[in-house]
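Numbering (the UniProt record's numbering), first residue to last: 1 to 310.
Mixed in with the good hints, there may be bad ones.
Dumping the calculated PhoX-like pairs for lysine-lysine here, alpha-carbon to alpha-carbon at most 20 Å [unchecked claim]:
#1 LYS270 x LYS147
#2 LYS173 x LYS57
#3 LYS219 x LYS290
#4 LYS57 x LYS169
#5 LYS219 x LYS270
#6 LYS219 x LYS169
#7 LYS110 x LYS173
#8 LYS147 x LYS110
#9 LYS173 x LYS254
#10 LYS110 x LYS219
Computed Cβ-Cβ distance ranges for the label pairs, DEER-style [as the list claims (entries may be wrong)]:
#11 PRO185 x GLY152: 27 to 33 Å
#12 GLY152 x ASN182: 39 to 45 Å
#13 ALA151 x ASP269: 17 to 23 Å
#14 ASP117 x ALA178: 33 to 39 Å
None of these hints come from the bench; they were simulated from the model. Keep in mind it's a predicted model, so treat the numbers as computed, not measured. Beta carbons: idealized from backbone N, C-alpha and C, even for Gly.
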Amino acid sequence: MANIAAGKGAFRALETIFKDQVYNVSYGIYRSISVSSLYLSSFRNDPFNPNESRFDKILVANRGEIACRVIRTAKEMGIKTVAVYSIADNNARHVRMADEAVCIGPAATKDSYLNIDHIMLAVTKTGSQAVHPGYGFLSENAVFVEKLEAAGISFIGPSVEAINGMGDKLESKRLAQAAGVNTIPGFDGIVNDADHCVQIAREISYPVMIKASAGGGGKGMRIARNDDDARDGFRLASQEAASSFGDDRILVEKFIDKPRHIEIQVLGDKHGNAVYLNERECSIQRRNQKVIEEAPRSSSAVDTKGYSNK
1 MANIAAGKGA
11 FRALETIFKD
21 QVYNVSYGIY
31 RSISVSSLYL
41 SSFRNDPFNP
51 NESRFDKILV
61 ANRGEIACRV
71 IRTAKEMGIK
81 TVAVYSIADN
91 NARHVRMADE
101 AVCIGPAATK
111 DSYLNIDHIM
121 LAVTKTGSQA
131 VHPGYGFLSE
141 NAVFVEKLEA
151 AGISFIGPSV
161 EAINGMGDKL
171 ESKRLAQAAG
181 VNTIPGFDGI
191 VNDADHCVQI
201 AREISYPVMI
211 KASAGGGGKG
221 MRIARNDDDA
231 RDGFRLASQE
241 AASSFGDDRI
251 LVEKFIDKPR
261 HIEIQVLGDK
271 HGNAVYLNER
281 ECSIQRRNQK
291 VIEEAPRSSS
301 AVDTKGYSNK
């Protein structure tokens, strides 16, 4: 990557390449919104304090629904926002909502939303103080976070240590096992190729779940019930993982039919504050993506020996 000192020159080159298709690549000024009176009202347990120290401008390194939600919330807090977009998304809603917008490459995600160099240049050019990654793409990419930290830019998300530990399914499974937590039976190493996938699936016994190690949001997952499924599943899952997360590593686990998907969420910040958000019933899904989250969960949903919410 071009270093920060050379960032402006490299970004000018990027502008030249895409200038015919760009949505005012330098500074797409759209509109600003005053802090929402609804947000300032006392319906929240911890209402927004307009005098609290905060960022003046953040860059949202994502697109679609999640980018729109982040931008809307930032505007309610009086924070300026920068959207990034590929050529294919030059008229997307998140681009129109943001105060500024920067083109970061062509339609292919590997050349735009997964291109760390281009996003770093956008951060530098716009003077953004922080980056919100949304979910997917670079949201759990430790290399991206390290480069932001080296440039003095804040990452609104987990630390590098947390990402290395929990953003990768292979590593998080090892940590869980070391802590004595029950895990799904499977192969805990990297699957080398389709033939290796078939070998592992036979050892585990079908059906198996072929899963992207860096995956999330239901992407990079395939069920295999025989050798042909395993070969096709490995190919498709690894391709989708590379496209969505820039990481094509695959793991194989025993497939659990008709499971109960119960989530327990804990949020914490760098100041040592933490909140436990109880259990959520997330079993109603489509294409491995949650459709409905029910909270609190029914009393029968979590009936595990030794379970405690304390």
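Tested hints:
no.: 1; hint: LYS270 x LYS147; verdict: holds, 19 Å
no.: 2; hint: LYS173 x LYS57; verdict: violated, 37 Å
no.: 3; hint: LYS219 x LYS290; verdict: holds, 12 Å
no.: 4; hint: LYS57 x LYS169; verdict: violated, 33 Å
no.: 5; hint: LYS219 x LYS270; verdict: violated, 30 Å
no.: 6; hint: LYS219 x LYS169; verdict: holds, 13 Å
no.: 7; hint: LYS110 x LYS173; verdict: violated, 27 Å
no.: 8; hint: LYS147 x LYS110; verdict: holds, 18 Å
no.: 9; hint: LYS173 x LYS254; verdict: holds, 14 Å
no.: 10; hint: LYS110 x LYS219; verdict: holds, 16 Å
no.: 11; hint: PRO185 x GLY152: 27 to 33 Å; verdict: violated, 45 Å
no.: 12; hint: GLY152 x ASN182: 39 to 45 Å; verdict: holds, 42 Å
no.: 13; hint: ALA151 x ASP269: 17 to 23 Å; verdict: holds, 22 Å
no.: 14; hint: ASP117 x ALA178: 33 to 39 Å; verdict: holds, 35 Å
Going through the hint list in order, the structure does not satisfy hints 2, 4, 5, 7, 11.
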